[in-house]
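Here the protein sequences come in this chain order: A and B. Quick note: the first sequence, position 34, residue 36 per our numbering, numbers continuous. Quick note: the second sequence, position 46, residue 124 per our numbering, numbers continuous.
Worth flagging that the hints you see were computed from the coordinates, not collected in a lab. Small disclaimer: the values here were computed from a predicted structure and weren't measured. Heads up, some of the hints might be wrong.
Stated by the list, open to error - Just so you have them, the derived chain A footprint on chain B, three or more residues with Cβ under 8 Å:
hint, region
1, 137-143
2, 161-172
3, 189-201
Backbone N, C-alpha and C fix where the C-beta goes; we use that ideal spot for every residue, glycine too.
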Amino acid sequence: MLINNEFNEQKIQSPLRYIWLIFKSKNIAVVAMWAIITLLMVTLFTPYIMPYSPTLQHPDMLLLPPYWAEGANPAHLLGTDDLGRDTLSRLLKGIQLTLAGALSITLVISMLGLLIGATAALTQGVKASIMHHLLDALLTIPTILTALILIVLFGMSYENSLLAISLSLLPQFIRGIYISIENELNKQHIIALRLDGARNLRLLRFGIFPNILEPLVTLLTRIFTMAILEITTLGFLGFGANANEIELGALISKSLELVYLSPYLVLFPGVAIFLIIIVFNVFAEGVRHAIIEGEE
Amino acid sequence: MQTLLTINNLCKSYRRSSGLFSSNLQSAYQDINFSLEKGKTLSIIGESGSGKSTLVQTIAGLRTQTSGEIYLKGKALSSLSLQERCKSIRMIFHAPSSSLNPKATIGRILTAPLQLNSNLTAIERDKQIKETLSLVGLLPDYLAFYPNMLSNVQQHQVALARAMILEPDIIIADEILAGLDISLRFKLINLLLNIQDKKEVSYIIVAHNMNLVRHISDHLIVMHEGKIVENDLTENVYNAPQSSKTKNLLQSHQPDYRK
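This is chain A alone, in the form it adopts within the complex (with noise of 0.2 Å):
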């Protein structure tokens, strides 16, 4: 079809194609991304990997060390608590409900808020300044405040704490997603398109989206950072999981008062929310940093 065929090698590539290519040379960023799969597979398949049930208690093997210390059982790779649990099963499900927590939050906020955000772009008058202006409202208080103040309304629960950072957080995506929009609309190819005879939904998909995917990358990972951090938080303070549902936050703050003892049940989930949060934020600054380039 091209009629200089001498080039063939060039073809013309998607935008998402050339995206990709640019990311793929990015070493860290796919480091990250590796490290992103291998969190996503032990979060699926914790129940297979984790070699006890993280309540199964050991009576006869408590505050075991990690292997590489001296005293340890090779039984228990990381060691065990006060009453012979094993923390690296612990440790899993703790990974498991942390961040599958987030991802879901993640993803109920970006849906909810993509409609709301669009809607109140796209339509002009009171319906939007209801939406953004009620919302603008909420932003001044602080979001963890404003989830603690949910939670105490719903009660306590690991769902419900969930539910509450969600709405939370909310606001803050509604903002991020509205400003992106209205920046796009004013642009003269989204003009051009109106005038093609384009409704709003048509607008939205391809005049509109392809444009604001770098803001949204950064918006997500915004979001999901304070997702963790928040979900962590709760459960430290004890207003999220409860005895039975151990989550990082929980396990922090459970192990705490052994800290003297056996400093290592303190250390493990700590690194592991450090991790969780620096490899998603090294994958979405190389996806922003391939988006950025790609449209140059």
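Fit chain B to the given chain A structure using the hints.
Just chain B now, with coordinates in the frame of chain A:
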């Protein structure tokens, strides 16, 4: 000669706040009357801020007028549906690099108006797109390209193809010649004139360069501070300008001025 577009007493004013609580009405243009015939070219010139861009945007449907009415083939524009309006009046913006969606292929950009405004099947659409591309002098290969892969003048050609694809009666070109160098400018002008010959389309062109305007247009309107100060056949305006504004504009483009 068939009259396509008639504009009667068109006015536009907007409120501008001048203090904390006070605001005053400022008019973008007022008492605009003119008509356009089929297959003719009408040029609008004037200083920056004289309301010419706002005026053509109103005709294209981007803004609404405060009072007055635009008639298209005898029917008031406000009574037409968006689709009917799209089919007969199309607009080309001055910077094609920003008026073409950077994330869509040329094919998609050209398909959109057909999908939205006609009942053609996919095969008929394809045929129409290829015909329009050859009309503006582009190869069908470009359909798979993205706008940033094309040169400036090719982007202009795509923008023109997007305007022509619905076979409209009127094309509005808002300062499309401003960003091009002289040879490309003539290439685009010849393209516009060729298309006019073949398809009998009318143009409304907003421009700055008086000599170019003289070459392409049949009718000339000079605007100043929102009012029409000169409205006549191009040759009449050039040979016997009535208002001092027109004289000034003409003088600034005299060749001996630069000696």
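Hints, verified against the model:
1. 137-143: holds (count 3)
2. 161-172: It holds, with 5 qualifying residues against the three required.
3. 189-201: holds (count 4)
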